[in-house]
Amino acid sequence: MTATAPAPVRHAGRRGSGRGAVSAVVGVLGELLITLGVLLGLYVVWQLWWTDVQADRVQAEVLEEIAAPVPDAEDVGTTVRRDEPPVMAAPGPGEVWGTLYVPRWDGKMMPIAEGTDKRAILDQAMAGHYPETVMPGAVGNFSLAGHRQTYGKIFHDVEELQVGDPIVVEAGGTWYVYRVDHMQAVRPDQVEAIAPVPWQPGVEPTERYLTLTTCHPIGLNSLVARFIVNAKFDYWMPVEDGTPPDLVGQTAPPAEGSA
Amino acid sequence: MYGALWRALPGPAWVRALLLLVLAAAVVLACFEWLFPLVSEYMPFNDPNIQTDAAGAVPGEAPR
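Chains as they are written, first to last, in the UniProt record's numbering: chain A, 1 to 259; chain B, 1 to 64.
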C-alpha cells in the first residue's frame, strides 16, 4: 500500500505537468488581464475624481496668490461706467492675470491665465485666454477656454447660463461686466466662435464681446462638439469703487440712466 | 503570478498581507502621480479648445 501510493501521485503529477504548464500560462494570463482591468478602473477613478481634487487645490492656491478681490455685498459700487474702459496690456504666456466670476454658478471664481495650454493652464482649473483674442474691455472678442468635466471642471454648468446673465472679469484693478446674449453647440473646428465679431470672421468689430468655449456634451468626449457662450460688454468700474452690483445679485442701472 | 509573489514575501501571513497592501498603495500612487498623467496626454478627451490640434495651443495667427 505504502509502496504503491506514490506511484499514482507521481503519475498524476506527470500527466498534470503537461496540463500544468498550460494552466500556469492561462493562470498568469488571467491574472494579467485582471490587473489590466483594475488599472483601467483606476484610470477612470483618477480622471473623474482625482484630477478635480488636484486642480481645485491648485485653483485655491492661485486665487490666494493673486489676491483676487472677493465680492462684498456690503461694499457695492454705486456708479457704473459705460465710457471707454481701460484695457490691460497683453501679459506673457502662462501668466495668471485676472479672475473670472460667474454669479449663476454660485458665485464661482476662476483664475484667468494667458494661453490655452492644456497641461499648464486648463488642467489647473484655470480659464485660458486665447492669446490671439483681445484683452477684456477692448473692442473685439475676449475669449476663454475651460474644462467642462475633470480637472476642476470650471465650466461644468455652462448650459445653466441664461441670456442676460452677468459674466464678470477682474483684471488690472478693473471690473468688466458682460452679459450673455447667445449660446450654441458647435463642431470643434468652428473657430468663428472666437472671431473678433463672433460668427462673422473677417468683419471689423465695433463692440466688446466675451466668449467662453468648453467641451460638449458632458462626458469624456470632447471629440463631438464644443459649447460656446457669447456675451456683450455692459459696464465697467474700478475695483476700489466697490463690488459691481451684478456680482451680488443686484441689477445695475440700465444704460440710459448713466453716462 | 500573485501566488509566486505571496510565496516570495517573508514572514507570517499577516506580515505578507500588510506588505501586499503597502505594495498596492505604492502602485496606485505611481499610477496617479506619474503613469496616468502621462497616458492622458495621448487621450483625445477633455480638449475644450475651439480647434482640433491636439496640443491645445492656438497659433498666434488669425483663426483658420
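No lab work stands behind these hints: they were computed from the structure.
Every value quoted in this text rests on a predicted model; they were computed, and no experiment measured them.
There may be inaccurate statements among the hints.
[To be verified] Partner residues are not named here, just some residues of chain B that face chain A (Cβ under 10 angstroms, in silico): (1) TRP14; (2) LEU19; (3) LEU23; (4) PHE32; (5) PHE36; (6) PRO37; (7) VAL39; (8) SER40; (9) GLU41; (10) TYR42; (11) MET43.
[Stated by the list, open to error] Rough simulated footprint, nothing fancy, chain B against chain A, three-plus residues with beta-carbon under 8 angstroms: (12) 43 to 55; (13) 157 to 170.
[What the hints assert, rightly or not] Far from chain B, by Cβ distances over 10 angstroms, these chain A residues were calculated: (14) VAL70; (15) VAL76; (16) GLU240.
Beta carbons: idealized from backbone N, C-alpha and C, even for Gly.
Exercise. Holds or violated: is the Cβ of B/PRO37 closer than 10 angstroms to a Cβ in chain A?
Worked result: Holds, because the Cβ-Cβ distance from B/PRO37 to chain A comes to roughly 8 angstroms (cut-off 10 angstroms).
For this session: Answer holds if the nearest beta-carbon of chain A is closer than 10 angstroms to that of B/MET43; otherwise answer violated.
Result: Holds, about 8 angstroms.
For this session: Report holds or violated for the interface hint on B/TRP14, using the least CB-CB distance to chain A and a cut-off of 10 angstroms.
Result: Interface hint status for B/TRP14: violated (23 angstroms vs cutoff 10 angstroms).
For this session: Let me know if the C-beta of B/VAL39 comes in closer than 10 angstroms to any C-beta of chain A, holds or violated.
Result: holds (7 angstroms)
For this session: Go through the hint on B/SER40 and say holds or violated, using the shortest Cβ distance to chain A against 10 angstroms.
Result: With Cβ-Cβ at 7 angstroms, under 10 angstroms, it holds.
Problem set entry | Hint validity - B/LEU23 Cβ closer than 10 angstroms to any chain A Cβ | Constraint on B/LEU23 not satisfied, violated at 13 angstroms.
For this session: With a C-beta cutoff of 8 angstroms, work out whether three or more residues of the segment 157 to 170 of chain A approach chain B closely enough for the coverage to hold.
Result: violated (count 0)
For this session: Classify the label on A/VAL76 as holds or violated, using whether its beta-carbon is more than 10 angstroms from each beta-carbon of chain B.
Result: A/VAL76 is indeed farther than 10 angstroms from all Cβ atoms of chain B, at 33 angstroms.
Exercise. Against chain A, with CB atoms and a cut of 10 angstroms, does the hint on B/PHE32 hold up?
Worked result: holds (5 angstroms)
For this session: Against chain A, run the beta carbon of B/GLU41 and see if the smallest gap drops under 10 angstroms.
Result: Result: holds, 7 angstroms to nearest chain A Cβ.
Exercise. Can B/LEU19 be said to touch chain A, with a Cβ gap under 10 angstroms?
Worked result: Where the cut-off is 10 angstroms and the nearest Cβ of chain A is about 18 angstroms from B/LEU19, the hint is violated.
For this session: May I ask you to test the interface hint for B/PHE36 with respect to chain A, counting a Cβ-Cβ separation under 10 angstroms as satisfied?
Result: The hint holds - B/PHE36 has a Cβ within 10 angstroms of chain A, the shortest such distance being about 5 angstroms.
Comparing the model with each numbered hint stated earlier shows that hints 1, 2, 3, 10 and 13 do not hold.
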